[in-house]
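> Starting from the given sequences, assemble the full structure and let the hints guide the process.
Residue numbers (the working numbering), protein chains in the order written: chain A, 1 to 485; chain B, 1 to 485.
Simulated from the structure, these hints should not be mistaken for lab results. The structure presented is a predicted model; accordingly, all values stated were derived computationally and were not measured. Idealized CB from N, CA, C, for every residue including glycine. Any given hint could turn out to be false.
To be verified - The list that follows gives simulated cross-link-like pairs (lysine to aspartate or glutamate, EDC-like), each with its CA atoms no further than 20 Å apart:
id, chain 1, residue 1, chain 2, residue 2
1, B, Lys-378, A, Glu-99
2, A, Lys-464, A, Glu-430
3, A, Lys-82, B, Asp-370
4, A, Lys-82, A, Asp-274
5, B, Lys-343, A, Asp-88
6, A, Lys-467, A, Asp-401
7, A, Lys-467, A, Asp-434
8, A, Lys-220, A, Asp-233
9, A, Lys-82, A, Glu-99
10, A, Lys-469, A, Asp-434
11, A, Lys-82, B, Asp-338
12, B, Lys-92, B, Glu-44
13, A, Lys-136, B, Asp-338
14, B, Lys-354, A, Asp-274
15, A, Lys-480, A, Asp-410
16, A, Lys-464, A, Asp-434
17, A, Lys-469, A, Asp-425
18, B, Lys-378, B, Glu-388
What the hints assert, rightly or not - A short list of chain B residues far from chain A (calculated; beta carbon distances all over 10 Å):
id, residue
19, Ala-11
20, Ala-16
21, Gln-26
22, Ala-35
23, Ala-111
24, Ala-243
25, His-366
Claimed, not checked - Stretch-level coverage of chain B by chain A, calculated; a stretch enters the list once three of its residues show a Cβ under 8 Å from a Cβ in chain A:
id, stretch
26, 80–90
27, 93–101
28, 187–200
29, 222–236
30, 309–317
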Amino acid sequence: MSRANWEVVIGLETHAQLNTASKIFSGASTAFGAAPNVQASPVDLALPGVLPVMNRAAVERAIRFGLAIGATVAPRSVFARKNYFYPDLPKGYQISQFELPVVQGGTLTIRVGEGEKAYEKVVRLTRAHLEEDAGKSLHEDFHGMSGIDLNRAGTPLLEIVSEPDMSSSAEAVAYARALHALVRWVDICDGNMQEGSFRCDANVSVRRPGEPLGTRREIKNLNSFRFLQQAIDYEIQWQIEQIEDGHKIQQATVLFDPDTGETRMMRSKEDAHDYRYFPDPDLPPLVIANEWMDEVRRAMPELPGALAARLQNDYGLSAYDAAGLTASRETARYFTDALAVVGTAQAKPLANWVMGELAARLNREERDLADSPVSPTQLAGLVARIADNTISNSIAKKVFDALWNGEGADADAIIEAQGLKQVTDASAIEPIIDEVLAANPKSVEEYRAGKEKAFNALVGQVMKASKGKASPAQVNELLKKKLGG
Amino acid sequence: MSAPETVKSLAAKLAAGEASAVELAQDYLAKIRAANPAINAYVETSEDTTLAEARAADALRAEGRAGPLTGVPLAHKDIFCQTGWHARCGSKMLESFAAPYDASLIERSRAAGLVTLGRTNMDEFAMGSTNESSYYGAVRNPWNTGHVPGGSSGGSAAAIAAGLAPAASGTDTGGSIRQPAAFCGISGIKPTYGVVSRWGMIAYASSLDQGGPMARTAEDCALLLNTFAGFDERDSTSLQRPAEDYTRALAQPLAGLRIGLPKEFFGDGMADDVRAAVEAALATFRSLGAVTVDVSLPRAGYAVPAYYVIAPAEASSNLSRYDGVRYGYRAPEYGNLDDMYAKTRAQGFGAEVKRRILIGAYVLSHGYYDAYYLQAQKVRRLIAQDYEAAFTQCDLIMGPTTPNTAYRIGQNDEDPMAMYLGDIYTTSVNLAGLPGMSIPAGFGAGGLPVGLQIVGRWFDEARMLGAAHQFQQATDWHLRTPPAA
Chain A
1 MSRANWEVVI
11 GLETHAQLNT
21 ASKIFSGAST
31 AFGAAPNVQA
41 SPVDLALPGV
51 LPVMNRAAVE
61 RAIRFGLAIG
71 ATVAPRSVFA
81 RKNYFYPDLP
91 KGYQISQFEL
101 PVVQGGTLTI
111 RVGEGEKAYE
121 KVVRLTRAHL
131 EEDAGKSLHE
141 DFHGMSGIDL
151 NRAGTPLLEI
161 VSEPDMSSSA
171 EAVAYARALH
181 ALVRWVDICD
191 GNMQEGSFRC
201 DANVSVRRPG
211 EPLGTRREIK
221 NLNSFRFLQQ
231 AIDYEIQWQI
241 EQIEDGHKIQ
251 QATVLFDPDT
261 GETRMMRSKE
271 DAHDYRYFPD
281 PDLPPLVIAN
291 EWMDEVRRAM
301 PELPGALAAR
311 LQNDYGLSAY
321 DAAGLTASRE
331 TARYFTDALA
341 VVGTAQAKPL
351 ANWVMGELAA
361 RLNREERDLA
371 DSPVSPTQLA
381 GLVARIADNT
391 ISNSIAKKVF
401 DALWNGEGAD
411 ADAIIEAQGL
421 KQVTDASAIE
431 PIIDEVLAAN
441 PKSVEEYRAG
451 KEKAFNALVG
461 QVMKASKGKA
471 SPAQVNELLK
481 KKLGG
Chain B
1 MSAPETVKSL
11 AAKLAAGEAS
21 AVELAQDYLA
31 KIRAANPAIN
41 AYVETSEDTT
51 LAEARAADAL
61 RAEGRAGPLT
71 GVPLAHKDIF
81 CQTGWHARCG
91 SKMLESFAAP
101 YDASLIERSR
111 AAGLVTLGRT
121 NMDEFAMGST
131 NESSYYGAVR
141 NPWNTGHVPG
151 GSSGGSAAAI
161 AAGLAPAASG
171 TDTGGSIRQP
181 AAFCGISGIK
191 PTYGVVSRWG
201 MIAYASSLDQ
211 GGPMARTAED
221 CALLLNTFAG
231 FDERDSTSLQ
241 RPAEDYTRAL
251 AQPLAGLRIG
261 LPKEFFGDGM
271 ADDVRAAVEA
281 ALATFRSLGA
291 VTVDVSLPRA
301 GYAVPAYYVI
311 APAEASSNLS
321 RYDGVRYGYR
331 APEYGNLDDM
341 YAKTRAQGFG
351 AEVKRRILIG
361 AYVLSHGYYD
371 AYYLQAQKVR
381 RLIAQDYEAA
391 FTQCDLIMGP
401 TTPNTAYRIG
411 QNDEDPMAMY
421 LGDIYTTSVN
431 LAGLPGMSIP
441 AGFGAGGLPV
451 GLQIVGRWFD
461 EARMLGAAHQ
471 FQQATDWHLR
481 TPPAA
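Given below as structure tokens:
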């Protein structure tokens, strides 16, 4: 059995919890982690006689998302009731949007893979609609009974539906990451996947090339990129095996078990609910006037795609660098803040520092860019001193460490206090070279015999003897002169 | 026999210091104690609560802070959430339910200083035209206790007719204020949809439900509508309009008033005694200077079928919240979750409610939605257009409120369709969202009251109330009281 003869078709449905202070149809708080049911108002509890009132802030976030993906923001959209019984669904229906969603169409450009094999792909979005979240059923700790926590009931969600444009788990993950970055970029969702603020359902099917679409199965509630990848890979393999064994795929909803790495059936198509959708008579159609759209548009930040293009066109950065620097709004803001200080001529070395040393260090210490000990201004100061030859790259790493550890207010202060200034005075370096040549007659001999490696060894010795302060270029030059002379 | 008390006469006594709110409340409570067992108009009284409210009203008056209605007693339909009282909505399902909040109408009633005499009986979840579907027993018509008082606001209508309250709140989804008003010989108005907030009014069919006052006279209805009406941001279907004085047209003479008589409301199906009373009432209007013009509502015949699709559809969803999970009735014994739902709802709801939930779920289900629900919505729009066209030829539309006088108790037990067809003149008004009222127009066979329906343009309540008041200045049907009272 081989995956080579199969095409994979994946579409994603993503629930992004909108970061409003209150719920979508009530004034109750949406804060995470409160004691059960303390953030449930009469509306959230679905007491008799209560009515929903649309939260303007949730709509505004939907508009922001629509603008960010170049979609049509519907001037008139309709809330519908999705009817089904479940104990954590207090009204017995979920208020959602069905036939007329608020966001229609749009695209998201994703970057898949790394290095030479990296490629870009444009994923089409079908729609995004506003809806309310349900509460939580707690099946443990109640001695055979279930507990219901309605704090989450009525939390605003944007359900974002893609076209089935992804053809591998890598593409699906790249899409999910790009979407995750985008909702945080436009500040509509905190993106906290552990708390369930951003979760994906993946519709997966396989077919032989040229055949019509296969029957899909939907994997529900994937709340990490790793699980998304694992679940899709498992599902692809499972479906191929089924078909190759002569079975047909039945439409179904499945769950992914992270412990076993397998998907298992939750319900088949036969068990599918008839949700009896109809327009919610408690909520008039949602009308978004052009003035409101314009207002939201004016307050939008520069989008990652536009910024990436600018970084390439105006500052000569590579597509790879531009994509890396716009992977999150925090990174982009850090970079552009630092660039404003150091000047656009240093865009490339600054990009290397941000995505290299800084990112590695943050990663190693599991810190976010937001609480980086080295500020954009400090990093800019450091890059400036490399640019004007005050310090070498290797000394710069020392200075970076010192900044990280809070040993000085800026690069200049650290260079001064720790005497790290690059030595460019030939009269100061020549005696060091003489010493090194005298102490390493064997290397000198080998170099003269034609071994280039020996020269590098001598440069290294000189650099070491200068405690790194000598300019490597200058050492090269002087050493060549002495050895050749 | 002296004329029965009205809101206006009681307010005048209070203002003149001829009676205190406590004295009035005590009078009515004594009458209720004596007469309610035979009529069953009230499902809950609480003399302590009533007298506490009355004392507070008297205190306000003593402080000089009384409004025009402070201290006037009234009853509230058991559909309005009201702290300190149960809100059982005529159902076993809510037998244990007491709302932790006040409905908008209740807040306004309290703010005006009106004193609550008790909670009036009603058809279960406002579904019915006879008050026989109440879990708390049928209400008897005070004019003939072998007959029904109408429904669903039958308790309110019977209480007023029997002199157990000068006025009461009601709700009207397909005629539930007008039809019992007609059957009991009192006045009642269903305002334009959106005039009285639905916040805290237990929903039957959200797009049709509207609260309003019931009283002896049109003038009392106007005074109470001034109290009940007003924008409420908690109800998204509440209309934001300038405050309005509904008594402003009471003194307006009828000369030149054009009364439209839809030929569809005067065809076959109307009982002779109803026809005679309505014709006599129209003759009175003409004698007062009004002119009658023939108009047509060609699609009026589709109102009952459209109503019995739309109202059950919304009800099937609105009543899903009564699931035994959070409040209200739960079956004492059940196997699993589905069994708990099934038993709870099978035991908690009565036959008429179950019938409408089944109809509603059916018309919304996959494959039937377009043929029933969507089609009914189209009919609804056409019916509204018919009224708009008719109102280009007239100022008000009049006709019988019901085709017959009050049914005998048990008459429709085997034939719900016969009961549904009794709504033939009232449902179209709800479908179009128009204001409609019923006023006493005389008596038919067996001394049972006949109601005249008055329908106005959207927001034309003041004109309707004015015309009704002028009629009541020339007639005394509204002052007649049943022999027992």
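> All hints, please: hold or fail.
Here's how the hints hold up against the structure:
1. B:Lys-378 with A:Glu-99: At roughly 17 Å apart (the allowed maximum being 20 Å), A:Glu-99 and B:Lys-378 satisfy the hint.
2. A:Lys-464 with A:Glu-430: Holds, because 14 Å separates the two Cα atoms, which is no more than 20 Å.
3. A:Lys-82 with B:Asp-370: The hint holds at about 16 Å.
4. A:Lys-82 with A:Asp-274: holds, 9 Å
5. B:Lys-343 with A:Asp-88: Given pair B:Lys-343, A:Asp-88 holds - Cα atoms ~19 Å apart, limit 20 Å.
6. A:Lys-467 with A:Asp-401: Holds, because 16 Å separates the two Cα atoms, which is no more than 20 Å.
7. A:Lys-467 with A:Asp-434: holds, 16 Å
8. A:Lys-220 with A:Asp-233: Holds, at about 14 Å.
9. A:Lys-82 with A:Glu-99: holds, 12 Å
10. A:Lys-469 with A:Asp-434: Since the Cα atoms of A:Lys-469 and A:Asp-434 sit roughly 17 Å apart, the hinted pair holds (cutoff 20 Å).
11. A:Lys-82 with B:Asp-338: Measuring from Cα to Cα gives roughly 18 Å; hence the hint holds.
12. B:Lys-92 with B:Glu-44: Given pair B:Lys-92, B:Glu-44 holds - Cα atoms ~14 Å apart, limit 20 Å.
13. A:Lys-136 with B:Asp-338: Roughly 18 Å separates the two Cα atoms, so the pair holds.
14. B:Lys-354 with A:Asp-274: holds, 19 Å
15. A:Lys-480 with A:Asp-410: Violated, because 36 Å separates the two Cα atoms, which is more than 20 Å.
16. A:Lys-464 with A:Asp-434: holds, 14 Å
17. A:Lys-469 with A:Asp-425: It holds: about 11 Å lies between the C-alpha atoms, which stays within 20 Å.
18. B:Lys-378 with B:Glu-388: The given pair, whose Cα atoms are some 15 Å apart, holds under the 20 Å limit.
19. Ala-11: About 29 Å separates B:Ala-11 from the closest Cβ of chain A, which puts it past 10 Å; holds.
20. Ala-16: holds, 38 Å
21. Gln-26: holds, 31 Å
22. Ala-35: B:Ala-35 clear of chain A: closest Cβ-Cβ about 29 Å, beyond 10 Å.
23. Ala-111: holds, 18 Å
24. Ala-243: holds, 21 Å
25. His-366: B:His-366 is in fact no farther than 10 Å from some Cβ atom of chain A, at 5 Å.
26. 80–90: holds (count 4)
27. 93–101: Holds: 5 residues of the stretch 93–101 of chain B have a Cβ under 8 Å from chain A.
28. 187–200: holds (count 3)
29. 222–236: holds (count 4)
30. 309–317: Satisfied; 4 residues make the cut.
Checked against the numbered hints above, the structure breaks hints 15, 25 and satisfies the rest.
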